[in-house]
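*Asks:* Given next are the chains, with one letter for each unit.
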Amino acid sequence: MPVLTLADLQVRLGGTLRGDGGTLIRGAASLDRADGDQIAFLVSAKYLAQARASRAGVLIIPESLNETLPQACLAVANPHAAFARAVALLHPEPGLPVGVHPTAVVAEDADVHAEARVGPHVCIGAGARVGARSLIHAGGVIGPGAIVGEDCLLHPRVTVQHACVVGDRAVLHSGCVIGSDGFGLAWEAEPEGGHWLKVPQIGRVVIGNDVEIGANTCIDRGALDDTVIEDGVKLDNLIHIAHNCRIGRHTAIAACVGMAGSTSIGAYCQISGAAMISGHIAIADKVTISGGSVVAKNLRAPGVYTSVMPLMPHEDWLRNAAHLRHLDALAGRLKALESRINDLDKDDAE
Amino acid sequence: MPVLTLADLQVRLGGTLRGDGGTLIRGAASLDRADGDQIAFLVSAKYLAQARASRAGVLIIPESLNETLPQACLAVANPHAAFARAVALLHPEPGLPVGVHPTAVVAEDADVHAEARVGPHVCIGAGARVGARSLIHAGGVIGPGAIVGEDCLLHPRVTVQHACVVGDRAVLHSGCVIGSDGFGLAWEAEPEGGHWLKVPQIGRVVIGNDVEIGANTCIDRGALDDTVIEDGVKLDNLIHIAHNCRIGRHTAIAACVGMAGSTSIGAYCQISGAAMISGHIAIADKVTISGGSVVAKNLRAPGVYTSVMPLMPHEDWLRNAAHLRHLDALAGRLKALESRINDLDKDDAE
Amino acid sequence: MPVLTLADLQVRLGGTLRGDGGTLIRGAASLDRADGDQIAFLVSAKYLAQARASRAGVLIIPESLNETLPQACLAVANPHAAFARAVALLHPEPGLPVGVHPTAVVAEDADVHAEARVGPHVCIGAGARVGARSLIHAGGVIGPGAIVGEDCLLHPRVTVQHACVVGDRAVLHSGCVIGSDGFGLAWEAEPEGGHWLKVPQIGRVVIGNDVEIGANTCIDRGALDDTVIEDGVKLDNLIHIAHNCRIGRHTAIAACVGMAGSTSIGAYCQISGAAMISGHIAIADKVTISGGSVVAKNLRAPGVYTSVMPLMPHEDWLRNAAHLRHLDALAGRLKALESRINDLDKDDAE
Chain A
728 MPVLTLADLQ VRLGGTLRGD GGTLIRGAAS LDRADGDQIA FLVSAKYLAQ
778 ARASRAGVLI IPESLNETLP QACLAVANPH AAFARAVALL HPEPGLPVGV
828 HPTAVVAEDA DVHAEARVGP HVCIGAGARV GARSLIHAGG VIGPGAIVGE
878 DCLLHPRVTV QHACVVGDRA VLHSGCVIGS DGFGLAWEAE PEGGHWLKVP
928 QIGRVVIGND VEIGANTCID RGALDDTVIE DGVKLDNLIH IAHNCRIGRH
978 TAIAACVGMA GSTSIGAYCQ ISGAAMISGH IAIADKVTIS GGSVVAKNLR
1028 APGVYTSVMP LMPHEDWLRN AAHLRHLDAL AGRLKALESR INDLDKDDAE
Chain B
728 MPVLTLADLQ VRLGGTLRGD GGTLIRGAAS LDRADGDQIA FLVSAKYLAQ
778 ARASRAGVLI IPESLNETLP QACLAVANPH AAFARAVALL HPEPGLPVGV
828 HPTAVVAEDA DVHAEARVGP HVCIGAGARV GARSLIHAGG VIGPGAIVGE
878 DCLLHPRVTV QHACVVGDRA VLHSGCVIGS DGFGLAWEAE PEGGHWLKVP
928 QIGRVVIGND VEIGANTCID RGALDDTVIE DGVKLDNLIH IAHNCRIGRH
978 TAIAACVGMA GSTSIGAYCQ ISGAAMISGH IAIADKVTIS GGSVVAKNLR
1028 APGVYTSVMP LMPHEDWLRN AAHLRHLDAL AGRLKALESR INDLDKDDAE
Chain C
728 MPVLTLADLQ VRLGGTLRGD GGTLIRGAAS LDRADGDQIA FLVSAKYLAQ
778 ARASRAGVLI IPESLNETLP QACLAVANPH AAFARAVALL HPEPGLPVGV
828 HPTAVVAEDA DVHAEARVGP HVCIGAGARV GARSLIHAGG VIGPGAIVGE
878 DCLLHPRVTV QHACVVGDRA VLHSGCVIGS DGFGLAWEAE PEGGHWLKVP
928 QIGRVVIGND VEIGANTCID RGALDDTVIE DGVKLDNLIH IAHNCRIGRH
978 TAIAACVGMA GSTSIGAYCQ ISGAAMISGH IAIADKVTIS GGSVVAKNLR
1028 APGVYTSVMP LMPHEDWLRN AAHLRHLDAL AGRLKALESR INDLDKDDAE
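Protein chains in written order, with the numbering used here: chain A, 728 to 1077; chain B, 728 to 1077; chain C, 728 to 1077.
Hints are computed from structural coordinates only; laboratory data are not their basis.
Heads up, a few of these hints could be off.
Below, a list of computed lysine-lysine pairs in the DSS-like style, where the Cα atoms sit at most 27 Å apart [as the list claims (entries may be wrong)]:
id	chain 1	residue 1	chain 2	residue 2
1	A	K1073	C	K1062
2	A	K1062	B	K1013
3	C	K1024	A	K773
4	C	K1024	A	K1073
Listed below are several chain B residues computed to face chain C (Cβ distance under 10 Å; list not exhaustive) [unchecked claim]:
id	residue
5	A841
6	W923
7	R973
8	G1030
Glycine included, every Cβ here is placed at the ideal spot set by N, Cα and C.
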């Protein structure tokens, strides 16, 4: 594990030193758990009491904080981001030696950069390309003609299927699948019923730079054109992105979200967990979708959208939900009452 | 890539030629993106303007279309299906050489057909069988006694667990798991709480012919009897099928659907994305479930069923959803009003 | 396959013999399908008619059952649990020979117990530990410094990432991922928009004893502290557990559930399929969540909670759901009517 002084850290992260720049830092931790040789952070004065009680040797604090703290501090504009950078310096990911593990199977005409790191039981297909400093952990499969950019990190058991493109600095988590077939079916009617005919999916998945894709997330290749994930998109675990979707730059999507075919999401959106997005719709930039919501129509304006039934004790739910099947009738009865009361009022006035 | 003439294509697909049968076709594309050596298609006259503007060299059109188009055309009864077949001819899937890759581990008594194709790091267990022309891509695991039929395509990193059966012409996508244990638990009470005891799952998964199973989809083996997927079923990505379910022939299920134990779905159903289906229920043939719906009871009649809270701007949702916790009270107030107004009416009448 | 007499079984499981202890048992099956050399079970007198019609040679029955059955019987306090144990004796899981398969890649300083069983193409990282009698099937990846306890069963293609801990007697199903990165992002604003910065995730996943984890389920490592799964927890397939969650002992979670970051669930809870649980909340012991429900707030009391829109024929849904966007207005109209009718009443009374 690397050891840094607070002064080293300031050189790398910027910000203003408050306290002893020689303080040694051997790791990062939360305010509650940090020890004297660890660094923690707070984002605002809200956490002052917790910070004062922390045994952390060093704190990253917001530069707007005027209070004095017992710890050596680095004051920065964005403590969360500075802390993220500090953690990366103090806790490097487990790596692999440069080169190709002898158990990996690499096609003769694959172009694996001399500085790439290819782990055990990896398989790289004909004509595939892996860029400089990229690391492919055990069991990864890079299909024929696929491209993985530079400085990528592929965790164990990632599949990038044929002809798909992954940009630079991607992080692909274990079990994710890039370029599975879209769910393309043509119905063939027959006298006694009919059957589905598979429509071969010949588009690609094209992923920009600085994209992260979660564990067991699946991104289908386009039917004819491509499925596109733009720069800086962050996808969590167990997400389904169907064929021909487009996700705009710097949009973040939480776990268990499903996105049906040919839908586009704008830039800077935030889709919370388990939201389900229908096919063939367009969502504008800067839209936020609440967790568990179902989006079935175009959303043209930025803003927060929700479609969730509120949680209730089950007995209450039984009583309340029963009326949902008769809401139209209930609204009709209300209207009828309004009209009767208008008549009564009129009668009274006469 | 194969090159075909339009006349070649007509021989394979049937239909009527309109224009030059010698036109060369090197690939398929969408109307918008096709070039002069590519084929595109339209399903109806609705796309006529787009077709006229397309640079595609060849079009597959509905035979009912009377309009003349600038391109060489193949007129057929079902353009979507014909196009699917054309794509398959023009864009064959990347294959593997016939035989077993030297890094694959195949049990001595496994029966792998001489014309099968077994990729790198595949593992085939004792007594397993792989049929003619089936292709198992890198990292696939076929458990002891499992059967994979003929002409199957198993994408990288598929698991078919022990004793499970996959029919002919299956397409199994990367990361899918056939035959994981069902979630079978017996509660053992104890003075201070209790614990769950695992119920071993000794049924199989039995999959018919012409089935497609999406990436990272999981189908659990039966507890005692089998989980059954009938012929022609199409499953998208990230679907969960619990133990002892049965899915009727030619039913299509979109991504992120969950199906709890011992439920049966009829033939020719369409289950849209993220629908959740409870255990121990039966769904009739030709039922359609809307995306995101929760099905918790038997559905005996064909038709479309929905259970989705509509999406709203979050501020509207806050205002509206609050009343859902008091819907029963609201209905009660309405009833009380009706009764009071009846009394008033009576008073007026007296 | 082992063959047991009913008397053998009684020695192992306890209970009272009713009938011939010498009856041979070669397997377990359901009441409907069992043959004369198979054992089946019933949990209550409700299944008496089915039991009488069963061809099973042996039945496990509740000790409270007074009726005489044609089969040899073992009467026990908890028939479901006793049957589970009988199945385990009669149908052992397919195993592997003791030792490390020659195609496995095991780091020199990894500590793999001499009685462990390591399958083909498994990869075990530096400093990792695998306990006695644990079985790691084909394609499993155990990261550097990770610990797998004793008597564990890892099905094919499981990932346990670096430094994570799995207790004794765990069952991990195919494709599950233990220790993927949490979805930790810091926003860095820029004049023209901004981007997400990855926050390295340096916590672990720590899993207790007797835990089962379903196929393709993902458990993220903690951001700084650990994600904790306590003893006896049972997780079904395709579940997402985010960073820093804690799941209390003997809680069972059905398939397709998502759990956002830093949420804790108590002991003895039951979370039904596809429930979605927000981040940073706490759920008490002995809470049951209905399938498909969204939990977005703390639940401090045991009980059953639900948030599901009821399923309707689509035409009904269209009519009813339209009012949900105007429920607040509808409630307002009701209130106005109440006030008007009060005035009318008063007028009448004057």
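*Asks:* Would you settle whether the hint for B:W923 is holds or violated, based on the nearest Cβ-Cβ distance to chain C being less than 10 Å?
*Replies:* Holds, about 5 Å.
*Asks:* At a threshold of 10 Å, is the proposed contact between B:R973 and chain C supported by beta-carbon distances?
*Replies:* Violated: closest Cβ of chain C sits about 14 Å from B:R973, beyond 10 Å.
*Asks:* Would the pair C:K1024 and A:K1073 pass a check requiring their Cα atoms to be no farther apart than 27 Å?
*Replies:* Cα-Cα ~49 Å, so violated.
*Asks:* Check the hint pairing A:K1062 with B:K1013 against an upper bound of 27 Å on the C-alpha distance.
*Replies:* Cα-Cα ~37 Å, so violated.
*Asks:* Checking one constraint from the list: CA of C:K1024 to CA of A:K773, max 27 Å. Satisfied?
*Replies:* holds, 22 Å
*Asks:* Would you settle whether the hint for B:A841 is holds or violated, based on the nearest Cβ-Cβ distance to chain C being less than 10 Å?
*Replies:* violated, 22 Å
*Asks:* Identify whether the interface hint at B:G1030 stands, where standing means a beta carbon of chain C within less than 10 Å of its own.
*Replies:* Because about 6 Å separates B:G1030 from the closest Cβ in chain C, which is inside the 10 Å limit, the hint holds.
*Asks:* Run the distance test for A:K1073 versus C:K1062: straight-line Cα separation, threshold 27 Å.
*Replies:* Roughly 20 Å between the alpha carbons, so the hint for A:K1073 and C:K1062 holds.
Going through the hint list in order, the structure does not satisfy hints 2, 4, 5, 7.
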